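Colleague: Got chain U sorted already, so can you dock chains Z and A onto it with the hints?
Chains as they are written, first to last, in our numbering: chain U, 202 to 462; chain Z, 11 to 158; chain A, -15 to 49.
Since the hints were made in silico from the structure, they are not lab data. Just so it is clear, the structure is predicted and the values come from calculations on it, not from any experiment. Check each hint, because a few of them may be wrong.
[As the list claims (entries may be wrong)] In silico lysine-lysine, DSS-like type, Cα no more than 27 Å apart, as pairs:
# : chain 1 : residue 1 : chain 2 : residue 2
1 : U       : Lys392    : Z       : Lys107
2 : U       : Lys392    : Z       : Lys16
3 : U       : Lys392    : U       : Lys330
4 : Z       : Lys107    : Z       : Lys151
5 : Z       : Lys150    : Z       : Lys110
6 : U       : Lys330    : Z       : Lys150
7 : Z       : Lys110    : Z       : Lys151
8 : Z       : Lys107    : Z       : Lys150
9 : Z       : Lys110    : U       : Lys330
[What the hints assert, rightly or not] Computed footprint of chain Z on chain U, listed as stretches where at least three residues anywhere in the stretch have a Cβ under 8 Å from a Cβ of chain Z:
#  : segment
10 : 343 to 353
11 : 390 to 396
[Unchecked claim] Quick list of the computed label-pair ranges, beta carbon to beta carbon:
#  : chain 1 : residue 1 : chain 2 : residue 2 : range
12 : U       : Glu459    : A       : Ala22     : 19 to 25 Å
13 : Z       : Lys107    : U       : Ala293    : 43 to 49 Å
14 : U       : Leu248    : Z       : Leu23     : 43 to 49 Å
Using N, Cα and C, we set each Cβ at its ideal position, and we do this for glycine too.
For reference, the chains in residue letters:
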Amino acid sequence: MSDSQLSATRAPSAGVSLFHYASPQTFFPLAGKLLWPSWIAAVALTLAGLYTGFFIAPTDATQGDSYRIIFIHVPAAWMSMVVYLAMAFWCAVGLVFNTRLSFMMSSALAPTGALWAFVALWTGALWGKPTWGTYWAWDARMTSELILFFLYCGYMALQAAIDDPRRADRAGALIAIVGAVNVPIIYFSVKWWNTLHQGASVSLTQSPSMASTMLTGMLLMALAAWAYTIAVALMRVRAIMIERERQTDWVRQLATGETKA
Amino acid sequence: MKPRQKRFALVALGVAALAGAVTLVLTAFEDNMVFFFTPTQIATHEAPQDRTFRIGGMVEENSLERGADGTSVRFLVTDTAHRVAVTYTGALPDLFKEGKGVVAQGRLGADGVFAASEVLAKHDENYMPPEAAHALEQAKKAQATVVQ
Amino acid sequence: MNWESASDFWHMGGYGFYVWGSYAVTAVLLAFEVWAVARRGRLARVRVARDVAVERMDERRREPT
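Chain U extracted, bound-state conformation:
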């Protein structure tokens, strides 16, 4: 089995650079090269975002300093949705093209997406108490974000419960793709229904309703969350590649130090 896989991945790849990196063996070192730049970007952007958010952005007129939770709340909520869509995308690619790497990508993204969903809910609760007067309410925005968190957990639990990785991938892909309908529901919930949660401060169609330094801080933190997510997902996908391809020659050579990556 490993021989046929290896010969397939070693096929000449002139001109087909995208498919060249679709094999774990060639993607592994590429992911390794991208790791450090991602980490540096994540740390630098976080420091810049925190400095802007706490020392440059002014106090809010109505909410006082409690609004400073926005610098993690909004980036976390955005990432929880973006990561889910990315996960569903890789699952769909995996189902259509039957590529091993795409399923590994979606497995690598799920825990980080779940983490962002949890952070969005947690910071939302701590922000809701001083401003609205409650930690939690069953409003459409909050409930649909909670469902997103459960979808991540369901995806991970299902994958963990099935031993055969191919079947686990297919079962997980079903949740990921079906659950993707929840993402637009979260996004538009504040427009479609009466909710306690306010509307979006930043959208594609309107100019942002935030003072510019506040907005800068939030966008820096959002970019930091992107960089962090890329870094940690690359790290995890490398671990998953080793776990799943442990029978192949390239992983065995890698683990015994016969090749470097």
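Modeller: For chains Z and A alone, kept in the frame of chain U given last:
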């Protein structure tokens, strides 16, 4: 149990749990998709009569009356088309203010007064420093005098 | 500058508990995730190296001396 059976049981359990959770959430969602009713919906009898629900709108300017006991309040909730009187006893959230958004949970009495058991403040999506808010207020006042 | 002193900063206009509660839990979770992922990668490599070493021992033993 053999490993294969165990695995199958686990998967079946997982799928059943997920299906159950989704059904539960969806049925709960169906009833509560609308987090609050507006005074207009109450005026047109769209709001439930015999159970507690939430009312949402703006606290009308100069409508807040504090009771003699210091904890009970009375105010008007408006959506500019209709108004509803609300009574409430307890601590109000920091952001509760006249002219700002509010969501109150409670029951509509036979006297047409909404007796609230919980009052939440609903703020908007605008974030600005106090000076900017002050300038905005001044501009609004200036505009109002011009119109008059 | 928004803050007059360090204690003013920690007080966060009376919202210190909520603001720092948000930031602290997020920081702890992210740090834990990075640690867990690094550990997972390290263990995966060690496991493969161990399997390879055992197999090579077996092969050597099977060879006629």
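Colleague: Each hint: holds or not?
Modeller: Verification of the supplied hints:
| no. | hint | result |
| --- | --- | --- |
| 1 | U:Lys392 to Z:Lys107 | holds (24 Å) |
| 2 | U:Lys392 to Z:Lys16 | violated (45 Å) |
| 3 | U:Lys392 to U:Lys330 | holds (23 Å) |
| 4 | Z:Lys107 to Z:Lys151 | holds (18 Å) |
| 5 | Z:Lys150 to Z:Lys110 | holds (16 Å) |
| 6 | U:Lys330 to Z:Lys150 | violated (31 Å) |
| 7 | Z:Lys110 to Z:Lys151 | holds (17 Å) |
| 8 | Z:Lys107 to Z:Lys150 | holds (18 Å) |
| 9 | Z:Lys110 to U:Lys330 | holds (17 Å) |
| 10 | 343 to 353 | holds (count 3) |
| 11 | 390 to 396 | holds (count 3) |
| 12 | U:Glu459 to A:Ala22: 19 to 25 Å | holds (22 Å) |
| 13 | Z:Lys107 to U:Ala293: 43 to 49 Å | holds (48 Å) |
| 14 | U:Leu248 to Z:Leu23: 43 to 49 Å | holds (45 Å) |
Hint compliance for this structure: hints 2, 6 are broken, all remaining hints hold.
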